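Colleague: What follows is the residue order along each chain.
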Amino acid sequence: MADRVASMSVTSFGVADEVSDDLGEPKARSDRPSRNLKRILPVVSVLVVLGLWQLIGSRINPILLSTPTSTISAFGHMISRGQLIPAFFTAMEDLWVGFGLAIVVGIATGVLMGRSEVAEKILDPYINFFQATPLIALVPLVVIWFGVGFEARVAVTFVLAVWSVIINTFVGVRSTPSALIDVASIYKLSRWEVVSKITLPNAVPYIFAGLRIALGKALIGMLIAEMEVSVTGLGGLVTNYGNSFQTAYLLAGVFTASVVGVIGVILLNLVKRRFFPWVGATTSEQQVRF
Amino acid sequence: MEAPVIEVSHVGKRFWQGKSGAFIALKDVSFNVGKGEFISIIGASGCGKTTLLRMFGGLTTYDAGSIKIRGSVVRGVPDRIGFVFQAAALLPWRSVWDNIALGLTAVKGVLSESEKRSRVDAQIELTGLKGFEQSLPHQLSGGMQQRVGLARALVAEPSVLLMDEPLGALDAFTRMRLQEELAAIVARTEATTVFVTHDVDEAVFLSDRIIVMERAPGRVNQIVTVPFDKPRVRREFIGDPKVAHIRDEVLALVTEELLSRASTTETAFRT
Ligand SMILES: Nc1ncnc2c1ncn2[C@@H]1O[C@H](COP(=O)(O)OP(=O)(O)OP(=O)(O)O)[C@@H](O)[C@H]1O
Ligand SMILES: [Mg+2]
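Chains as they are written, first to last, in the numbering used here: chain A, 1 to 290; chain B, 1 to 271.
If you are wondering where the hints come from, they were derived from the structure by calculation, not from laboratory data.
All values reported here derive from a predicted model rather than from experimental measurement.
Built from N, CA and C at the ideal position, the CB exists for glycine as well.
Don't take each hint at face value.
[As the list claims (entries may be wrong)] Examples of chain B residues toward chain A, derived with CB under 8 Å:
hint, residue
1, 57
2, 85
3, 93
4, 103
5, 106
[To be verified] Partial chain A-side listing against chain B, Cβ under 7 Å, derived:
hint, residue
6, 185
7, 187
8, 278
Construct the entire structure; sequences and hints are all you get.
Modeller: What follows is the structure, encoded as structure tokens:
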């Protein structure tokens, strides 16, 4: 449940964002009324669903569905009890330490594999193995190794997220146009300069795409770890309120987890826009011959 | 006479092309390039022009004969060469200024930071890119991108300048303007230049000698001398019947090959 909600929140937000990213501007200059309609349609849709939820929820057993209004008041209670804010920060910490490690280790490993065929051949079997393995099954092993504290939650988050970062970085490095590698040879760039000035920048768009996927997985890892390993943070709240059938509180926890995901996506986009404004720009040119 | 800067003797190259076996890209290619000389290589697509140029730049190996630059056999990228690539090959994530400065990587230790800066600024001035120092490559026109590629190749003041169809992607008007700029720049820096092109007029306008190549296997057909003083003024140059004569000669050599090829394929079709 938690993982579905978490990934949904990330992707649904991501999709809307991707569209505006890729097209730059609204594609067709459609006429005004229909454009306005398109703009308010999502809002109308959400309002209608909330209304239906309220209507149906107030008629059936609150354990099954609860209602928007009681979810909001549960939200308020959890804040005033001093429960939600600490849980939110625990979740943020688990997520960003695990995800941060995955970013650093993933990019470093991906670059190594991208630049060295030997490293690629050595690491390839493991990448394939872990990519294909449902890593959630490793959670008990993580507990044996790291216990049930912060380290274990970070480990689960990391292990879920790191593979997408490695693979995307690797592909990005390998996709460097051979002409740019030639440029590096002609101007005698050192090995490190080839990475820092050419192959790593070339991989940046791929890396961000990988980070988007990895963030979704890290979010799942973080919540699973909080639910199954430590029973703490937002995952812990959701588990506990689920066990005591307090559905409104459970849902308030779930929506807060969505907020954690949305913040992550926004942060990634901010970093991309601020530091890598050239991502998405093209320099393709055609050759003319006789 | 001074020793040649580039000596090509009996160079051969074959590529292994998977199932179809070995493909002879170059066979027994020999010629010299004198100091400060401007040489054009012209010939049909696939005759090995890029391959040859890449060999001079140490980017491709050769498997017969020898290539010497300034007296020493080419192994790896020679010092003090500039290379302008077929497509500009700029770093999309670096500004114009940084892209040009990349050309100074090899001489980093030698130049002070302020020398480096004034060199890049001078190149920007020379190639008419002033005001675009901080632009990214995709914000420039194709012609400007090529000029950045040219500036990057020139900034370290190479004694050998290798150019692979640097103007190939441009419209006729921009092309002519850049030809003139190029002639002026090369004259000033006195670089020994090898210039690959598909354009006969361009080759005649710029070169001291034109190497006409043939295809399959790639080899030198003929070397045509263009015995006219520089700087050349285009309007007078074009009107000169002696120039027209040389132009026709080169054109005949290029098209002769194309035509003979066409007729062989035709007969092949019939049988
Ligand atoms: N890396 C390679 N592997 C296999 N074959 C190659 C390779 N590089 C070039 N060739 C072959 O060698 C021949 C010469 O190629 P080259 O790029 O030098 O031609 P070119 O004269 O520069 O042509 P163009 O005018 O189209 O640029 C071509 O037939 C090409 O297929
Ligand atoms: Mg070529």
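Colleague: Which of the stated hints cannot be reconciled with the structure, identified by number in ascending sequence?
Modeller: none
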